[in-house]
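Protein chains in written order, with our numbering: chain A, 1 to 113; chain C, 1001 to 1116.
Hint data in this document are derived by calculation from the structure and do not stem from the laboratory. What you are looking at is a predicted structure, and each value in this text was computed from that prediction instead of being measured. Relax, there's no trap hidden among the hints.
Mimicking EDC-like on lysine to aspartate or glutamate, the simulated pairs with C-alpha atoms at most 16 Å apart in a straight line are: (1) A/LYS112 with A/GLU15; (2) C/LYS1055 with C/ASP1065; (3) A/LYS49 with C/ASP1103; (4) C/LYS1041 with A/GLU88.
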Amino acid sequence: AQSVTQLGSHVSVSEGALVLLRCNYSSSVPPYLFWYVQYPNQGLQLLLKYTTGATLVKGINGFEAEFKKSETSFHLTKPSAHMSDAAEYFCAVSGAGGFKTIFGAGTRLFVKA
Amino acid sequence: GAVVSQHPSRVICKSGTSVKIECRSLDFQATTMFWYRQFPKQSLMLMATSNEGSKATYEQGVEKDKFLINHASLTLSTLTVTSAHPEDSSFYICSARGGATTDTQYFGPGTRLTVL
Chain A
1 AQSVTQLGSH VSVSEGALVL LRCNYSSSVP PYLFWYVQYP NQGLQLLLKY TTGATLVKGI
61 NGFEAEFKKS ETSFHLTKPS AHMSDAAEYF CAVSGAGGFK TIFGAGTRLF VKA
Chain C
1001 GAVVSQHPSR VICKSGTSVK IECRSLDFQA TTMFWYRQFP KQSLMLMATS NEGSKATYEQ
1061 GVEKDKFLIN HASLTLSTLT VTSAHPEDSS FYICSARGGA TTDTQYFGPG TRLTVL
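Using the sequences and the hints given, assemble the complete structure.
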């Protein structure tokens, strides 16, 4: 069975500050991990993903995430927040062989000027 | 690459009518398509999974006779909400998986359905 927990339904940062969105997962198979971003009234856009290989994954818009198996975590970071980063972020887990993708509850990121 | 479109983006209909939403993969062949429903300020709820040429697999609690899903080709899936009622008003999002990236789902922009 697989599950995803996103710690913090809301995160607020100042423009230029570090963004850290937390995601922990559980999976009975080697996980595939994803971060998606959703802007109001839009679909989900893939930010980055981890399947195999390098555990530090870089995505679009300056975001990156690190897969830590020992901590069952896949936290999303960005060194310097921009106003345009304000959105809803979803962490998701699946696995090889067509496992269903399970989404976390989402974290809304607010960026203050 | 990996673009998914949905049509319409918004639809308003009267109670009792049926509404069809289309989901297309524009630059890859989607062997699997997914339909989600999203309530305000909530995560995505998977409604059903469809493989091209096969009957859709519905999640528990989703009425298959109310939400008809057809995946007739590798680039098109449709969701028909039959006899819609106000409680069916929601944001419906499709996603597709296939082509060179079978490990990743790509999402459409969503369809806002309002039933009066």
